[in-house]
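The working numbering applies: residue 1 is where the sequence shown begins, and numbers increase by one.
Treat each hint with caution, since some may be false.
As the list claims (entries may be wrong) - Cβ-Cβ distance ranges computed for the label pairs, FRET-style: (1) S37 / H101: 13 to 21 Å; (2) W99 / K71: 35 to 43 Å; (3) R42 / R11: 33 to 41 Å; (4) R10 / R75: 29 to 37 Å; (5) L23 / I78: 28 to 36 Å; (6) L96 / E9: 35 to 43 Å; (7) A68 / G40: 46 to 54 Å; (8) I25 / I61: 28 to 36 Å; (9) A68 / H101: 43 to 51 Å; (10) R69 / R42: 30 to 38 Å; (11) L21 / F79: 38 to 46 Å; (12) I100 / L64: 17 to 25 Å.
Everything labelled a hint here was simulated from the structure, so no lab data went into it.
Cβ coordinates follow ideal geometry from the N, Cα and C atoms, glycine included.
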Amino acid sequence: MQGQRGRNERRAGVFFDMAHLILGIAIVIFAVLSFISPEGNRMLFPLVFLLAALLNGIRGIFELKTCARDKKRIRLGIFQLFLGAGLGLLGVLSALSLWIHG
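Work the whole structure out from these sequences, hints included.
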């Protein structure tokens, strides 16, 4: 049983690493594009916030699933989920602001 759980945790770790890599690259590319030409790429601002929220949400869930009753990691996972929720809210507010005024 222990071998099965270790394999599942490794798969989750690989998924987490790939998601982190792909989302991180996307965030950097969209942020650079939005700062190079802010007027032409206004819709990239909310996308950057929403991708960062997704990244923090994945990190928080990963921490909570692998914490094994470690209080420090549980707090870190909860903090990451709250940070993700805050960034998601900023992304939605940014998109609404662009939609209303744009």
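Hints, one by one, checked against the model:
1. S37 / H101: 13 to 21 Å: At 18 Å between Cβs, range holds.
2. W99 / K71: 35 to 43 Å: holds (42 Å)
3. R42 / R11: 33 to 41 Å: Between R42 and R11, where Cβ atoms are some 39 Å apart, the hint holds.
4. R10 / R75: 29 to 37 Å: Violated, at about 25 Å.
5. L23 / I78: 28 to 36 Å: The hinted range 28 to 36 Å is violated for L23 and I78, with Cβ atoms some 20 Å apart.
6. L96 / E9: 35 to 43 Å: This hint holds: roughly 39 Å between Cβ atoms.
7. A68 / G40: 46 to 54 Å: holds (48 Å)
8. I25 / I61: 28 to 36 Å: violated (21 Å)
9. A68 / H101: 43 to 51 Å: Given a distance of about 48 Å, which is inside 43 to 51 Å, the answer is holds.
10. R69 / R42: 30 to 38 Å: violated (45 Å)
11. L21 / F79: 38 to 46 Å: violated (22 Å)
12. I100 / L64: 17 to 25 Å: Given a distance of about 36 Å, which is not inside 17 to 25 Å, the answer is violated.
Hint check: violations occur at hints 4, 5, 8, 10, 11 and 12; the rest are consistent with the structure.
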